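Enquirer: If you want the building blocks of each chain, they are given just below.
There are 2 protein chains.
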Amino acid sequence: METGRTGVGASLIALDWGTSSLRGFLMGGDGRVLDQRANAHGIQNLPMPGVAGFEQAFADLCGDWLTAHRGLPVVAGGMVGSAQGWREAPYVRCPADTTTLASQAIPVESASGSRILIAPGVLYDPPSGPPDILRGEEIQIAGVLADRPDWGRDACMVLPGTHSKWVEIVGGRMIRFSTYMTGETFAVLCKHSILGRLMPADAAPTEAESDAAFAEGVRAAQAGGPGDFTHQIFAARTLGITRRMPAELLKDYLSGLLIGHELVSGLGHMRNELHEGRPLLLIGEGALCRRYVRGLELLGVEPTDRLENTAPRGLFQFAVAAGLIAPAGE
Amino acid sequence: METGRTGVGASLIALDWGTSSLRGFLMGGDGRVLDQRANAHGIQNLPMPGVAGFEQAFADLCGDWLTAHRGLPVVAGGMVGSAQGWREAPYVRCPADTTTLASQAIPVESASGSRILIAPGVLYDPPSGPPDILRGEEIQIAGVLADRPDWGRDACMVLPGTHSKWVEIVGGRMIRFSTYMTGETFAVLCKHSILGRLMPADAAPTEAESDAAFAEGVRAAQAGGPGDFTHQIFAARTLGITRRMPAELLKDYLSGLLIGHELVSGLGHMRNELHEGRPLLLIGEGALCRRYVRGLELLGVEPTDRLENTAPRGLFQFAVAAGLIAPAGE
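Line by line, the protein sequences give chains A and B. Quick note: the first sequence uses our numbering, first residue 5, plus one each step. Quick note: the second sequence uses our numbering, first residue 5, plus one each step.
It is worth saying that the hints were derived from the structure and are not from the lab. Quick caveat, the model's predicted, so the values are computed rather than measured. Hints may contain errors.
[As the list claims (entries may be wrong)] Which stretches of chain A does chain B cover? Using the computed rule of at least three CB atoms under 8 Å from a CB of chain B, they are:
(1) 187–193
(2) 222–229
(3) 242–253
(4) 261–272
By construction, the Cβ of each residue, glycine as well, lies at the ideal position given by its N, Cα and C atoms.
One chain only, chain A, in its complex shape (with noise of 0.2 Å):
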């Protein structure tokens, strides 16, 4: 069992680790997830600062899998790639795939002993315009293409969050994406504005309530022209102040204004794609990204499917490209 290549024995350990949470996966030798752990040693809320921080939070997860299965190969993706993280794997330039990632990726000796490689996140530089990055999200793309190859030919992808990625995909291949703060951006609103201030804490709608004024701003988003983002949130002041909505929905209304403007800029930019057809997908938390899909039905779009937690498939596919196991089924 201990170094198992094939079958249900453990082939290897995947990290999913990011800002705020850090998640293990003991996985099989055929992609398969045969336990798994998480805890909230993200790269910013390290056990202790540092090195030390990254191999005792790597340790407390992962200690006794080591243990159990010596020598076994380990993969991580996410921010402990990143200039703060554990050790910085550089981004890889667009067009690029899972052998792309797996050639450029960045290996770390743990105190432990295990080895670790680290996947590298990605950078598109369009013609012309700022760069835009991403980390993470290729491992969880990379998951989707694994599953379902059909998909890999072309298609657009939208990973919803705090910073959602919309990513075309060509060939198997990441051509081109574009990120959106939409979720930081609602939660500074929310926190820190004076929007906030009118939205009680213990608000309870709903979920009809909720739909019905989340709709309202996607409808609001979609009247909108350029620019008009500074203006338009003000309304969920302005709702609140003439009774015209009530004050325990302004949150859902601001949601809805925030994922409606993404979604029109998504499907903007994407446009000509969508209009040959090409499936669009939606990859991430169920809650958040049902969320999406109404904003999308309001728009008359209907994504073509929806997936969750695709990152260990991901992971085990990077593995593979890395050629630390071999492929599933062989």
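We have chain A already, so just place chain B on it with the hints.
Expert: Just chain B, lined up with the frame of chain A:
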């Protein structure tokens, strides 16, 4: 001198009472400022909670004026008339002019025996979409129109700030306006989002560097389409991470992006009016207005004029319209 209605005798105490500061003006019968003071006792920062806090702040600022000039009328504008103010002066609807403000002003009797007449804010209810509100800017506008009645026929007035206002004037009345949360959004993104992390606290770029980064932000805003806001602001991170822009310039770039978005939207909504040759006026603090002038220049628009601190003159006109004092010069 006590209630001198003409010449240079003190005729009025005028208070510009906002969220974070209280400014007081002792004014002559000719509308000139004889004396002025300010302290930090904005309505969110009173010396004690509740009505007692307003009483105390007023007495601290104006006590000796009231002793020296017994019976002097007192007027106030700004957030002091909001629901969180000394007494609420409900919004009046567009179209509204100084006479409208005066006819719907709300008096409050202070413990000192003075009666303070508080100006209402203004509400604009567009044919479709959410309402908009302002409070305090109506006084600044009243000041502009008093000094420059030629602009009262029709004009577009821009009042940059935490919440910028774009106001259309026709026939001396505010007929519509839009709020942009430009200044506040900029502040919360710098202070509370990931964008601030790359910005050094001790940045001291040269004026030319600062201007070039600001201009790059404005040009990016100009190139943006509907919904692009939360995508475009991420460039204030990627340009830093990829070292394509020095970290000390990222704040200026973000400022250019935000002001650029406001200008693109505001000019778009005022397109027809400006095309007809109406004056475009900037009203507000010098350094901020100069950034707006620069942004407009990059977009090929030259404002007609720029005015600072028109609130005292506006409060004077408000007092005249309310019949508290005679018009200047009479």
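Enquirer: Now tell me, hint by hint, if it's right for this structure.
Expert: Cross-check of the supplied hints:
As drawn, the region 187–193 of chain A meets chain B at 4 residues by the rule of a beta-carbon pair under 8 Å; at three or more, the given contact holds. Counting residues of the region 222–229 of chain A whose beta carbon lies closer than 8 Å to any beta carbon of chain B gives 5, which meets the minimum of three for the stated coverage. For the region 242–253 of chain A, the stated coverage by chain B holds: 5 residues have a C-beta nearer than 8 Å to a C-beta of that chain, and at least 3 were required. Under a criterion of three residues with beta carbons nearer than 8 Å to beta carbons of chain B, the stated coverage of the region 261–272 of chain A is upheld, 9 such residues being counted.
Comparing the model with each numbered hint stated earlier shows that all of them hold.
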